[in-house]
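**Q** What follows is each chain in one-letter form.
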Amino acid sequence: MAEYQWHDYDVIIIGAGGAGLRAAIEAKGRGLRTALICKSLLGKAHTVMAEGGVAAAMGNVHSDDNWQVHFRDTMRGGKMLNNWRMAQLHAQEAPDRVHELEAWGALFDRTEDGRILQRDFGGHRFARLAHVGDRTGLELIRTLQQRAVSMDIDVFMECKILRLLTDAEGLVSGAVGYWRPSGEMVAFSAKAVVLATGGAGKSWKYTSNSWECTGDGHAMALWAGADLIDMECVQFHPTGMVWPLSVRGLLVTEGVRGDGGVLRNSEGRRFMFDYVADMFRAETADTEEEADRWYEDHSAGRRPPELLPRDEVARAINTEVKSDRGSAHGGVLLDIASRRSAEYIRRRLPSMYHQFMELAGVDITSEAMEVGPTCHYFMGGVRVDADTGAATVPGLFVAGEVAGGMHGANRLGGNSLSDLLVFGRRAGMGASDYASGRPGAPVPDRGEIDDAITEALAPFDRTDGENPYQLHEELQDTMQSLVGIIRTGEELERALEQLDVLRDRASNVAIGGGRSYNPGWNLATDLPAMLTVSRLVTLGARDRKESRGGHTREDFPSPDPEFAKVNLVQRQPSGGGVGGDIKIGPEPILEMPPELKSLFEENH
Amino acid sequence: MGEMGDVTMHVWRGDAGGGDFSDYTLPTQEGEVVLDVIHRIQATQAGDLACRWNCKAGKCGSCSAEINGKPRLMCMTRMDQLPEGPVTVAPMRAFPIIRDLVTDVSFNFEMAKQVPAFAPPPRPEGGYRMAQIDIERGQEFRKCIECFLCQDVCHVIRDHEENKAHYAGPRFFIRFAELEMHPLDTNDRRELVRQKAGLGMCNITKCCTEVCPEHIKITDNAIIPMKERVVDAAYDPVAWLGRKILRRQKASPSEAAAHGG
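Going down the list, the protein sequences come from chains A and B. Numbers 359 to 962, taken from my numbering, label the letters of the first sequence in order. Numbers 1058 to 1318, taken from my numbering, label the letters of the second sequence in order.
Isolated chain A (complex conformation):
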């Protein structure tokens, strides 16, 4: 029998980014014994990197804004694949969540009359993003962190969770993992578990994601029997840094475009005017003069095409580069220097200024930035009930990027931070209600604990085996080249073959050194989730034979009305566990009620 510490709670939350923190605050506030578990130190989660803002229809800058407009923008941006109920709750509740942050100490930038200032972003009809310069994610996570600390929530930092635990009836009843500093094993029993583990971009070579984004929650939910939806919908953010190579993929905020920056190819052309899809033509400017008027006064012209939804802009950049109209290092040029004063740029975009100055030696107040698409966000994820965050296995609740549905096939910028707040709170409520109603003490299966620990420690017993860093690099090469921004059926089949090989090799990883803070071992324990999530994305991409939002098939370049009606659902039949057989198939999306449907007819 394996040795491990034991902790007993009502609700445990795995992941301490915005969604996990907000869920923990909710559960603790409702009087439940609550633990928050995170792989890094508190306050370092990927939320900290969000830049542009949090979308909420407060109407502080444009009084015409309201939740219906925000809802409509979100659904259209998501190519109508969204869970409409999530999009509705999100648009309705985001303003309250922003006001709540302010009452907890957040200092958003202000309008001239002292209210919260809102900025323009792609796909949003009105200036809607509450922000703090270009470091809004830091403000959000720090505010929630300070709130959580003031509530005396138990936090387990640098604790990696390997597996969810179930009881004899199949209810999710806890989790098992290890402390990274000591390498000691630890198990939790809980009446309800909230997954808030974020995304999985670290399986791609060029990504804006930090090392933590390895899809732990997606994989653990699958292994525990939960449904996942639309995993093929991965967002490639149009503007990542492309040079120097060591920072390739690092995010350049959409706020640059919201604040007046434009995209040009090597010929100096504002090429986005050549890529306006029919769906957005009526509300997009025809000429540079009209687009520039819009920046001064939104009623004097239509929106610049640089502010189309991210999937549209990313594909356009990809096409320009492939047509030999790219910049020196294989991107395009993002120019704000020739359009705004140096003082304005430094005030509005301070971290972008420092990021380019210090990492690339580029002064963005006098030179253009080189940018290109970077793997950024998972729209797909664990299937949830919109109101409670409940997954399809009892006892499991999910919020934030690891949940699917809210963003459909493509997420609008700014809708992630609001998603974390709205659904972090709702998952915290859902988990609290469930835990309060669950009779008796949960009894997680000890056999599952022993299995997870045995598997995690196995690499130490091998003296000769695979290097986890090498495997990770090969996985990134596979996903980057075969499951990237533009996909084909043939390449996806090849990706699946390569993933099979990598999975076999990953079962033969060998590790040197001890258990205490050993990053090679830590990576080895992240690999099963990364490989599983890569497979889910590839399977979904293979079966969705159309192009929609973040999923683009070269061999099926148009949207297909039949695929518009379905989620691609993936699950492992009960008892599947790690490495079980994945079943995939289409299931009808939720039917939108008539009063919401009419919002789309009236306006377009």
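Rather than coming from a laboratory, the hints here were simulated on the basis of the structure. Heads up, a few of these hints could be off.
[What the hints assert, rightly or not] Examples of chain B residues toward chain A, derived with CB under 7 Å:
(1) E1089
(2) S1119
(3) V1159
(4) K1170
(5) R1194
(6) G1195
(7) Q1196
(8) R1199
Backbone N, C-alpha and C define an ideal beta-carbon position, used for all residues, glycine too.
Since the structure of chain A is already known, use the hints to place chain B on it.
**A** Chain B alone, transformed into the frame defined by chain A:
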């Protein structure tokens, strides 16, 4: 730096029981930062070399270390801006070692628990109003990424473990200052700052300001004004109250309008 030369990294390896520097030599690559080279050492020569990192963009404050003796973020230190020759990378000295470049920074999380929370008045109809000019100082302090380099370099605790029990350090002086200068806050933390947090022990050598990767003027904008307020409070509570009320008025809509954008 030459196109294809080698670089030697002199990296501290060890744990709480002790350790020493190990040398790793590898080819240089264009545009790399110190953290890139540490990652290449992990991938090719020492899979168990421990370091913390997350965002690799200077936003999360995880990869703090002492590079050629200076407290810095590994992800924001470009190799080609360091002097030619071997590069020394050591863990932060002010905190206990866990392993290699990773230290036990729990002191900071314990200190964070002692900060009395932000306490605004009830939200008025139509929401709180604050002028941009009144929140800019607070926003400067909230740029803090909690890398704890200021704590590391502060000589009050760097070489005096015994001081940690009653000294919060620069990171928390800016936290206290941020709350104290917040237009809506109603808590009074000055006695706490003076006594328990040990503000008086700081003798404003500005080492913290020099190492701050966010360029926060910790000493000039937070510590010195806080020292003044604490002294005022100790001698003249009426003056403090007057200032607090005055500040509240400044945040009203009419004042906000007068200040303009």
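**Q** How about B/G1195: closest beta carbon in chain A under 7 Å, or not?
**A** Holds, because the Cβ-Cβ distance from B/G1195 to chain A comes to roughly 5 Å (cut-off 7 Å).
**Q** Take the shortest C-beta to C-beta distance between B/R1194 and chain A; is it under 7 Å?
**A** Check failed: Cβ of B/R1194 comes no nearer than 10 Å to chain A, outside 7 Å.
**Q** Let's test the interface hint: is any C-beta of chain A closer than 7 Å to that of B/Q1196?
**A** 5 Å, holds
**Q** Holds or violated: B/R1199 as interface residue toward chain A, Cβ cutoff 7 Å?
**A** Cβ of B/R1199 sits 6 Å from chain A, so the hint holds.
**Q** Verify the interface restraint on B/K1170: the C-beta must sit less than 7 Å from at least one C-beta of chain A.
**A** 6 Å, holds
**Q** Taking 7 Å as the limit, does the beta-carbon of B/V1159 come near enough to a beta-carbon in chain A?
**A** Interface hint status for B/V1159: holds (5 Å vs cutoff 7 Å).
**Q** Would the hint on B/E1089 stand, with a C-beta cut-off of 7 Å toward chain A?
**A** 5 Å, holds
**Q** Hold the hint about B/S1119 up to the distance rule: shortest CB distance to chain A must be less than 7 Å.
**A** 5 Å, holds
Figure legend: structure checked against the earlier numbered hints; the only hint not met is number 5.
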